[in-house]
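Between the sequences and the hints, there should be enough to build the whole structure, so can you do that?
If you read the sequences in order, they're chains A and B.
Sequence positions in the first sequence follow the numbering used here and run 0 to 347.
Sequence positions in the second sequence follow the numbering used here and run 15 to 249.
Just so you know, the hints here were simulated from the structure itself, not pulled from any lab data.
Just so you know, these numbers come straight off a predicted model, no measurement behind them.
Result set (EDC-like, lysine to aspartate or glutamate): computed pairs, CA atoms no more than 16 Å apart in a straight line:
(1) B:K78 <-> A:E295
(2) B:K177 <-> B:E161
(3) B:K237 <-> A:E295
(4) B:K162 <-> B:E152
(5) B:K197 <-> B:E63
(6) B:K78 <-> B:D46
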Amino acid sequence: MSKSLKGIILALFIAGLAAALGKVFFWGEAATNYGAYVPWGLWVALYIFLVGTAAGAAWTGIYAAYSQGGEPKKLTSISLIIAGASLAIGLAFVGLDLGKPLKGISIFFNPSFSSKLAWASWLYLVFFGCLAGYFFTNAKKGFMYAAGVVAAGFVVAEGLFFGSMVARQLWNSLLTPVSFLTSSLAAGSAAVLTIGILSTEETIAEEGVKLPKLVMLAVILHAGVEAVHAVAGAGIEARAMLSSWIYLGVFGLFGVIVPLALLKKGNRMSLAPFALILAGFVAYKYAFVRYGFTAEPLPGLVAALQDAKLTMSYIPSTVEWVVSIGMLAGVIWIADFAINKLTAKERV
Amino acid sequence: MEKEDILLTMQRDLAKALQKPPEKRKWGMVIDTRKCAGCHACTVGCIAEYKLPPGVVYRPVVDKISGTFPDLKRSFLPRPCFQCENPSCVPVCPVGATKKEADGIVSIDYSKCIGCRACMANCPYGARTFDTGRYYTEGTPAVQELEKAGFYEYGKLWRRDSKHGDVAGSARKCNFCSSRVGKGLLPICATTCIGRATLFGDLSDPNALVAKTLAANKAYRLKEEAGTKPQVYYI
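Below, the structure written as structure tokens:
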């Protein structure tokens, strides 16, 4: 990665961090645009995107090891670094989204395991433990597989958390955990290639030759799940999502069709298709969260009392955008920093 | 016409119900929409009782117009929290801040709530709103003390005097005025209703006005298909 690009990414990350601190300590919820009837927005979308990306990156690392004889090599380490950075920033997003960000830690001390979110949270901790085991012990292979299993656990827990919500017609389906798994693999494998090409192109060229095919298969698999969703999806929420420009345009066209076409015809080791897939899957997760709140809980409820936080409309605020772009840049910066450290250590 | 104001009848029913242990009571409401004039006194009374901030409402009144012109019918639907028998908001809470109490009230412990809003996402009725820490008099020379004054919910005194306190940043909802009820007072919405459309009491007592009214009328509950079994019935 060029120095100037690194500088821009770091500047974005710092701006995002500053805005995040402003939200936590000064502005509070006034800086966000979600409310009572659309209680989740961009940050929750990015949280589930990054959690899925972390899992997918871990599985990509396992695939890289498997395709090279079963022993984890440099690409597996890079994949797990990306997984760790994604999960850390994903958790930062959900922490920021809380009404009481400083109390979020209580989910570990006072969990209610009737909530799949509590299960997922504990599995995040175990996942970080697996990463520590992988990087700081000699039992790399064991911890690599354990990380993959734990990642599957938290993706399923997240999928079931959303899928079991009786109040949300769009999410309340067995397809939800399935789509969480397929979208995780697609986003995670695309993230490994995107950050890998940016950070250490030579490693990707040496060890990642088979990865573009994995990405393509994962994207096609997820598109298949979404096609079933489109057919089976009934109700105002599903219709709103399936006909939105975010879903059809950004996800469908730029996140699936264009990158698949580029990968089929062009250079499979170029950055563009993988970056497009990532952007497309961010849009997909946003559409999934946003359009879950299309229908008024009771007809006429919004008109019953007028307030900016009692509406069905939601457009992310400036602070939400600044934090989002900055923290996403943070995933790249942290991963690149750690990959460079790893590469430098190996050179010594 | 009733022999006495039904508030007195419900008051006696309440005193009787409070003699029973909490697990033997089943608090419920019957709202007779034929008597609701759409005056919003319940909404305003509730806001005053709990010093509710901007964006937080426990009992809005939905204005419904049905039929086709010129045969239109206007009706009103007050919407408290339904204190569901099978509340979908409870199992999704990752920290156990919201739970079903022995007497059927779905409570929120503000000191435990982390503000994740999963309960809000999974309430089919939109009964929960989010306290973002705002004040009506914010931006004026001084936030008025009355907005920071204490209020009683779930048997505790809470204060909303800091953006980083327990209440701001929490999900909030109607709790059938559990603190008032515990002290033998009817919920504020029942007492302020000019049409006496809101009946409150122990549904497990067949002699209570609320149970008798329910038995004598064809009542319905909202969104039965969600499987949440609301404890608020409409006539």
